[in-house]
Amino acid sequence: MCVGLSARVVSIDKGTALIDASGVKRKVSAELLEDLEPGDYVMVHAGIAIARITEDAEKETDKIMEALHDGNGTGDH
Amino acid sequence: MTETAREIIESYRGRPLRIMEVCGTHTHEIFRLGIRKILPEKITLISGPGCPVCVTPAGFIDEAVFLALEKKVLLCTFGDLIRVPGTQKSLAKAREEGGEIRTVYSPLDALETAEKNPGKNVVFLSVGFETTVPGTCLAVRKALERKITNFSILGANKTMPNAYAALKGSADAFLYPGHVSVITGTKIYEELREQGVSGVVAGFTAEEILSSLAAIVRLSGKKEPFFLNCYPRVVTREGNPAAMALIREVMQPCDARWRGLGVIPGSGLELREKYISFDARKRFSVPEMTGEGNKGCQCGRVLKGEIKPCECPLFGKACTPLKPVGACMVSNEGACSAFYQYGEN
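In order, the protein sequence lines correspond to chains A and B.
Read left to right, the first sequence gives residues 1 to 77 (this note's numbering).
Read left to right, the second sequence gives residues 1001 to 1345 (this note's numbering).
Hints in this document: simulated from the structure, not taken from any laboratory.
For clarity, every value in this text was computed on a predicted model and none was experimentally measured.
Wrong hints could be hidden among the right ones.
Using 25 Å as the maximum straight-line C-alpha spacing, the simulated DSS-like pairs for lysine-lysine come out as follows [stated by the list, open to error]:
#, chain 1, residue 1, chain 2, residue 2
1, B, Lys1187, A, Lys59
2, B, Lys1037, B, Lys1308
3, A, Lys25, B, Lys1116
4, B, Lys1147, B, Lys1072
Pulled out of the complex, with its shape left as it was, chain A reads as follows:
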């Protein structure tokens, strides 16, 4: 149930964002994220943008694996 949909913000209007998720567009609530701008990537759950996505998955995983390899995997990101 907690499945999220990653999407690009196309436009913002009065707390509502038009998002593009792999070509599918729909309006979602943008009321829980401040200063959202067109072009931002967000995680959407049940019609509400709940988080900004700050990096692509591949780069994130590379960093974690490097940290584990260096023995620094106990830090809190």
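Mind docking chain B on chain A? Use the hints.
Same frame as chain A, but now just chain B:
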């Protein structure tokens, strides 16, 4: 050369390691991606109670059926709940008997349904953890602001922190749910680490799940409680402060009954006094319904990781996805459904 996550996992030969994936979406993705098949003998994955549909007790379905058939309300619900058996019948059965029950994508869609149907009482079935609760709170707050009086919620929302504490000892480490953590942030896991509970926050792609499992394998070797956020591109230490503030404004903690786990103190959410007029139980004088599941159903033990789904005597015989007996077979995210769909035994 840096070892890959898969190499770290496959080469593990340490003490037996029990890892509980708390989130139902993780359960499903782990099966779908075939990750269980590459695990060495010493690593066991346990599917925990992180599917909101699976932990919702039969009594909640009974209340919803009562509202649909006796009070003639228009029920709006996430699709997962439709086929979950209640004590006597499911919502699907109630719909066959004339109940007006609609599937919605968002709590805000339920509010819109109320606005478009001013002559009907619309009740949203609010299940879900921290990920889903802000949407319900947003709908309730908008209903108050817009004076929409034909909208209310039947609540069974739950929060995870007290559940982790209740599950302490069920596993050596947790794969914490990525999208619950989006809202809560990761400070709670630092506190759990201080209590001796280990785990990592995981994303949902193959790489993210594998690197998270590799992190658990590697960090378990240090023999001290640990926490690592393996999904930092979405999850931050602070979480979503606006969402948390909204939850605190609209709801307050209460005790909650979890299917299989019983009542966990402080693990539920209920509407605060300011919003109490949107509580469908009070508005429609719903009688107390404790509900009773099928006596042979072992969902409770599955949710605690005590048995595998295939060890339930009903699994694959009396209980299948086409004719489910327990909630874990109904929900796509349930452990029984995943075991059945991907043929693991």
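Hints versus structure:
Under the criterion of a C-alpha separation no larger than 25 Å, the hint pairing B/Lys1187 with A/Lys59 is consistent with the structure, at around 24 Å. A hinted pair counts as satisfied when its Cα atoms are at most 25 Å apart, and B/Lys1037 with B/Lys1308 qualifies at roughly 16 Å. In summary, the hint linking A/Lys25 to B/Lys1116 is supported, as the alpha carbons are separated by about 23 Å, within the 25 Å threshold. Restraint check for B/Lys1147 and B/Lys1072: satisfied, since their Cα atoms lie roughly 22 Å apart, inside the 25 Å limit.
In this structure, none of the earlier numbered hints is contradicted; all agree with it.
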